[in-house]
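Model the placement of chains B and C with the ligands on the given structure of chain A, informed by the hints.
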Amino acid sequence: MKKSNQASERGRLGGWYWTLGSLALLALAWLLPASGIMNLYLQQVLMYVGINIILTLSLNLVNGYMGEFSVGHAGFMAVGAYVAAILTVAVFPRAWGPVVFPLALIMGGLAAALAGLVVAFPSFRTRGDYLAIVTLAFNMIVKSILENINAVGGPRGYMGMSKLSNLVWVVFWVLVTLLVLRNVIYSNLGRGIIAIREDELAANLVSVNTPRLKIYAFCLSAFFAGVAGGLYAHLLQFINPRSFSILKSTDMLVMVYLGGIGSLAGSILGASLYTILMELLRPLELWRWVVGPLLLVLLMIFRPTGIMGLKEVRWLQPTASEETGWGKVARRS
Amino acid sequence: MMALLEVTNISHTFGGLQALADFNVTLNDGDLVGLIGPNGAGKTTVFNLISGVYRPDQGRIVFAGQDITLWPSYRRMAAGMSRTFQNIRLFKDMSVLDNVRLGAFAHYTYSFWQIVGRTASFHLQERRLTQEALAMLARFGLAGSAQAPARNLSYGEQRRLEIARALISRPKLLLLDEPAAGMNQAETLELVALLRDLHREFALTIMLIEHHMGVVLDLCQRVQVLDFGSTIFAGNPQEAQQHPQVLEAYLGKEENGEHGHAIAEP
Amino acid sequence: MSCPVAIALQYLLNALQLGSVYALIALGYSMVYGILTMINFAHGDIFMVGAYLAMWATLFLLGLPLNLPIIFIFLGSLLFTMTLTAALGVSIERLAYRPLRQAPKVSAVITALGVGLFLENFTLATIGPEPRQVPAIIPVQQYSWGGVAFTNVQLLILVVSLILMVLLDTLVRRTLTGMAMRAISYNRVIVPLMGVSVDRIISLTFAIGSAIAGAGGLLYGLAYPVLDPYMGIRIGWWAFIAAVVGGIGNIRGAVLGGYVLGTVEIFTPVLLASSTYRDSVAFSMLLILLIFKPTGLLGRPTVEKV
Ligand SMILES: Nc1ncnc2c1ncn2[C@@H]1O[C@H](COP(=O)(O)OP(=O)(O)OP(=O)(O)O)[C@@H](O)[C@H]1O
Ligand SMILES: [Mg+2]
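Residue numbers (the numbering used here), protein chains in the order written: chain A, 1 to 333; chain B, 1 to 266; chain C, 1 to 306.
Excised from the complex, chain A in its bound form (with noise of 0.2 Å):
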């Protein structure tokens, strides 16, 4: 992954690059659309790339830096979306959701971070494909809960949200979700998760807390699953329990294999690569939907760590300075 001290350290961005980068990506997305450069469509799509890479970057550190197993991501992201939808049409007042926007979106994703627990337990005794059917099971029940509830819609769905999501929302939430990934994902806290893809039982006997850190992954995942699922529903302005069926789950592993797995720029590009493919391939109609599962396949079997596989771009690593603290801890003293 990393070379040696001097060649790692040349490419990596520090703090200030990060502020920023992120203040202009900002900028662009309230420029853009405000100034009538980009017109609705090209908004939308770039809204989907960008709630597609909070799910890719999501689903990334259970399957690809925990190498645990969660196809059943889009019941994480139900939770979050009904949430969330429920606290800005039925529990707020109307005229305030502008501003109770991010409070339901968090709402929604520490709700979806709860039901991460119920699949963090059974991962502590079963791995491969026995969490995967507990995690699927766990989509299902979901789909099938939600479709109970006459309250929300039941099988019809739920609508009457503003349309609160817009593109500046969307890249916050992007740049929110990549930095806390990267920040967890290096530190103790990030190699202790990587430690269990790598040798789960090596890392219990070098005293990593495997279950408090599944607990960490399983609900930090799910937590920002949810986000997405808020801003989703925002977007759309109508969810039904059928919008988070396997499908969708499928539809995510497919950008976090595209992409790479173990990868933050991996499921960056995953994630955009196959958003803009799927909208490239309206025109297929129902055609368009046997590709997905067909770029599966064909990925397991001929790059099954996907495009970056387990490799980073260098800057989104931190500096060498920033991972040891050298800069900071000698400015303070």
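There's no promise every hint is true.
Using 25 Å as the maximum straight-line C-alpha spacing, the simulated DSS-like pairs for lysine-lysine come out as follows [to be verified]:
1. A:Lys-311 - C:Lys-105
2. A:Lys-311 - B:Lys-92
3. C:Lys-105 - B:Lys-92
Derived from the structure by calculation, the hints contain no laboratory data.
Just chains B and C with the ligands, lined up with the frame of chain A:
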């Protein structure tokens, strides 16, 4: 004085196979004890039971005054125990540095919010950990490959990295499972010297599984000999070599051509 | 139809009918798992393809100006469906699973999910999303016995399933091929030494499992004559749960599990007064089972060697 490790009457079976029966051992601070026996005698099983990979069917394990029999592995390790593996188990796709840093996982417990916020305390701890890890790598002659993935190391280097990973947590008890396996004569002698130094320098208590009798004779104050899961001898290593039951255990196997390590091997 | 015993018997009969279909599909999950320790998530979709193939075969045979006897149409459709689904199963194994036999488990599971989804969406794209009506091959005749009503179709489903299950059980327990199958599921490393072609046995396992699922598709179409491309997901999952309940890898267990799940599906609406909760009930059952017995009811626990 209280013993560091007190193992009382532990047994373990796999399916119908009795891998270990009524095993006892007491280690005091600073002991360096060898555990020997023919292939399949149950030596690794002893380590697996002490480190919590398996739960014993019966018996009790007390470590540093606490009954740890039912503790999960990570908690035992956090309490001051470390081990290496007969078949090297490194985190192969992670860097050498990360492997060592993981050894001290339980000792660095900055909170989630400190991680996300990259606070001064996070940086301070991360810096201390990295410095310690680099120092430890230097001690084992691995500083040059700190950033390389562990899978790129040679076999001997991987063995040393495992010991470095085990030592960075400053354990009280170190369990070494055949550290010299696959090493040549020169490497083995080097390892023996290194272990002797480390034992003194880190005030370690060591339990060592080893097939090279030379290593055991050189290092260990006491040995315990296992055969078919039972202890057939416990005491002075020189005496062990003369003990009829021990000789029979090794030589009896020898005739079947099943056992490669003669007791007289250097 | 007033005596409670008769009503219970009536439900039981329905449970047996549905359970037979689940059992037939569960067998395929179990056989493949037994031999490859891999969950073939595409299996439910092979069943779906089987149901469509059976429908087309029947339509074709009915359309011929020969006025064939019913029994001939039924057996012809059955043979056609089982042959083609067997071929489908074998091709899937060859093209998608075999290249991954040495790869990590994760890759194989994801591939299986991908193949399943491919079959669904491919079917959807070729024939469209509208549900299809299966033609009635057999004129339904109602019988009644002691207050319990049943039809000739129900009897046919029960009898054909039973015949297939007994045949399979005999094959696995009594023949050399069956012995090889059991040997591979016991130890894949030593079997090649004994002169058995592992690849051939694995192909055969997929062929048999898929053929039986195809037969399940035909029988399902007789009893519940509306087909849609996504029907394999739900039925497949219920059958999979059946296989897990019975102890995946265990053939008789799969049959037992099928009937248990059939009973759960028929009796849940009766007991909970609502039919929409049955999926939640089944999946919760699965979750609880996996949490307390992660390797399944009869699955062998594995100990990692350190
Ligand atoms: N996970 C396991 N499952 C089944 N049997 C096992 C397992 N681990 C060990 N055994 C058996 O238990 C017995 C003792 O094994 P153990 O690994 O403790 O021997 P050992 O003394 O370390 O041998 P070696 O010198 O070969 O390392 C052996 O017969 C071995 O085959
Ligand atoms: Mg051993």
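Cross-check of the supplied hints:
| no. | hint | verdict |
| --- | --- | --- |
| 1 | A:Lys-311 - C:Lys-105 | holds, 21 Å |
| 2 | A:Lys-311 - B:Lys-92 | holds, 14 Å |
| 3 | C:Lys-105 - B:Lys-92 | holds, 18 Å |
In terms of the numbered hints stated before, the structure departs from none.
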